[in-house]
Amino acid sequence: MSHVPHCHDFQAGAKKALDDEHLQALLERTLKDGFQKKRVQGMSRLPEYDQLRDAARDLKDHVLEHLDVYLERFEAEVIKAGGHVHWARDAQDAREIILNICRSVDAKTVSKGKSMIAEEIALNDHLEANAIVPIETDLGEYIVQLRHELPSHIIAPAFHISKEQVADTFRENHTHLDPERDLSEPTTLLTEARGELRDKFLQADVGITGANILVAETGTAMIVTNEGNGDLTQNLPPVHIAITSIEKVVPTLDDATLILRLLARTATGQEQSVYNTFFTGPKRPGDLDGPEQFHVVLLDNGRSELLGSEFRDILRCIRCGACINHCPVYGVTSGHAYGWVYPGPMGSVLTPHFVGIEEAHLLPSASTFCGRCEEVCPVRIPLPDLLRKWRVRAFNVGKPGGLAGLALRVWAVLARRPRLYQRVMNLAVGALKMLAGDKGALTSLPGAGGWTKTRDLPAPQGGTFQARYKRGER
Amino acid sequence: MSARSEIFARLKATLDTVQDAGVRAAQVDQRIADGAPDLIPLRGRAHGPARTVLFVTEAESAQADVCSLARLDEVPSVVKDILARANCGALKAAPHKTLQAMNWDGVDVAYGRGEGADQVGLSVAYAGIAETGTLVMASGPNSPTTVNFLPDIHIVVVSEDDIAANYEEVWARLSRDVKPGGTKLPRTVNWITGPSRTADIEQTLLLGAHGPRKLVILLIDGEHT
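These protein sequence lines are chains A and W, in that order.
Here the first sequence is numbered in my numbering, starting from 10 and rising by one per residue.
Here the second sequence is numbered in my numbering, starting from 110 and rising by one per residue.
Note that these hints are calculated values from the structure, not bench results.
Cβ atoms here follow ideal geometry from the backbone N, Cα and C, with glycine treated the same way.
Honestly, I wouldn't trust all of these hints.
Straight line, CA to CA, 20 angstroms or less: simulated EDC-like cross-link-like pairs of lysine to aspartate or glutamate [unchecked claim]:
1) Lys172/A <-> Glu30/A
2) Lys46/A <-> Asp59/A
3) Lys117/A <-> Asp99/A
4) Lys47/A <-> Glu311/W
5) Lys89/A <-> Asp286/W
6) Lys206/W <-> Glu30/A
Incomplete in silico selection of chain A near chain W, CB under 8 angstroms [claimed, not checked]:
7) Asp59
8) Leu61
9) Gly278
10) Phe288
Pair ranges (Cβ atoms, derived) [what the hints assert, rightly or not]:
11) Asp67/A <-> Gln172/W: 30 to 38 angstroms
12) Arg112/A <-> Gly131/W: 21 to 29 angstroms
13) Thr200/A <-> Arg154/W: 29 to 37 angstroms
14) Ala424/A <-> Gln139/W: 24 to 32 angstroms
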């Protein structure tokens, strides 16, 4: 596992992914047949979905315009409830704060709920280097950790790993179990992981989770999971640390509710995630369980600079993964090609900020600018526009990885792989049709504002040339 | 300069140029006092019997088992059936007065927090939410959170009178329960919608990842329906 960015290798990573037939099949199944269909089903069950998206965008903008005040209110309420708030300028600050808390209770093992912020600060490497064993408890993260990989997707970290590979990984790591045991089915794999992790939950000295939302009114932090691992992590050990970033705060519990009406529905099409857990301070007098100590670590890591920049809108992101699930580039390259923690469109906007545009200059061009990411974003982040702004910056530092460079190279790769070419084109045609709706024409298209300012762009009719040729339309 | 001061200095450097700090603070106080705009979807506005039906439908579509009972005193016999089918002799129950008042003859019942080896747990919900078939569990001396997560089978008693139409109603109820000068929420509030699950292995949906494999809701008829 390495957190050293290798975004400049995007092309090599993309080529490797394109040549991996097995990965291509998993991508197709996970994204197109999985997340994309489920999102449409989820949306269709909530007629007010679009109205809630507008409201969520406005809510996030309001928070960003008052971010300092909301953070002060949140901090005061956490302290009132008996918790501790720690401020981290950057990844190193955050790692040291967490290490010090762990050391103060002489922690040997730490159970961890899924947290992208923990990935952003490379927390596991730091704990391991200091003789503290971090144990990922989300099933996908656990598999990825055992294989010394990085997550390939922010909400489906191990989708790129086949069940046979998971079985091999478990055999290599769970060496106290019968080597001849049957691990052919996902359900036996899950049962084994559940058994292995149950003891670790109970033995952990510290539990570390992320926080999807912070509530200023009550000093509450909350997490969203389907497995229940985050709850065991925050309930069983004597110390709970929630590590999160400063833009996650909202005014009230009802505002958190608005985001939660959108998050699961957009991510997985679920009406609601199985466990939405709101925690306020440590264990109370008379409580039979819960942590004695509750800490919140609030990470800036450049977000306060993003706030004053042309990239501010990315701070609205609620990490649902929809832009990733609908990106035709991610759909063939998968997550590792992006070379750092956050993949896909949201990642290509965030990563240059964290690792520098010199390192990440190819990412803003890892896009067909089809606009699908913006279309599906539950908080309406203008992702193509933000990517374009990064392209300008890449050009300004003498790294024009732009259309002329990367797009042609991607084209070259695709042109030599007819089946992939068809898949990418099908996706693009489908996306344009979807955007055009009943009208059959687009009045605006991210990336083609010069064209659509004065005229509509007709949406492609009847599929790709190849598809129509095959159907005998000659 | 401390990390906190540095972060706030950077935030203020941007925000002060747009709006005076005092005005911003007043706007925040006003927004928190006024609360969020009313954005409750139509599905979250059901009332009467329709609300109960929606709760059951949504809970079942999230793979929870719902069992409607006319009276509270029917709970032990249903729990005994579940224990027998799970081939389990012991019940871990939340030390809730409603449960403690029940007749548990023939059941090895222990009241307390959840333990790693618990097979069947029983607790009482603070509320239900019809909109998505969600249970709301509020932690406290009579409702340890670990009972909600450690057992293989989690049985939850909820009264029809406690089924709210939407999440906002439950937040309002919780805030009315606040004692003056006390904390604004129980330490933990869980929304639970169906049993634990994962799709992390090849997107195959499997129940019972780390939390309960099975969630059984015992819905007790209301007094006013």
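Structure-based check of all given hints:
no., hint, verdict
1, Lys172/A <-> Glu30/A, "16 angstroms, holds"
2, Lys46/A <-> Asp59/A, "17 angstroms, holds"
3, Lys117/A <-> Asp99/A, "25 angstroms, violated"
4, Lys47/A <-> Glu311/W, "16 angstroms, holds"
5, Lys89/A <-> Asp286/W, "18 angstroms, holds"
6, Lys206/W <-> Glu30/A, "59 angstroms, violated"
7, Asp59, "12 angstroms, violated"
8, Leu61, "6 angstroms, holds"
9, Gly278, "11 angstroms, violated"
10, Phe288, "5 angstroms, holds"
11, Asp67/A <-> Gln172/W: 30 to 38 angstroms, "35 angstroms, holds"
12, Arg112/A <-> Gly131/W: 21 to 29 angstroms, "41 angstroms, violated"
13, Thr200/A <-> Arg154/W: 29 to 37 angstroms, "41 angstroms, violated"
14, Ala424/A <-> Gln139/W: 24 to 32 angstroms, "59 angstroms, violated"
The structure is inconsistent with the numbered hints 3, 6, 7, 9, 12, 13, 14, although it conforms to all the rest.
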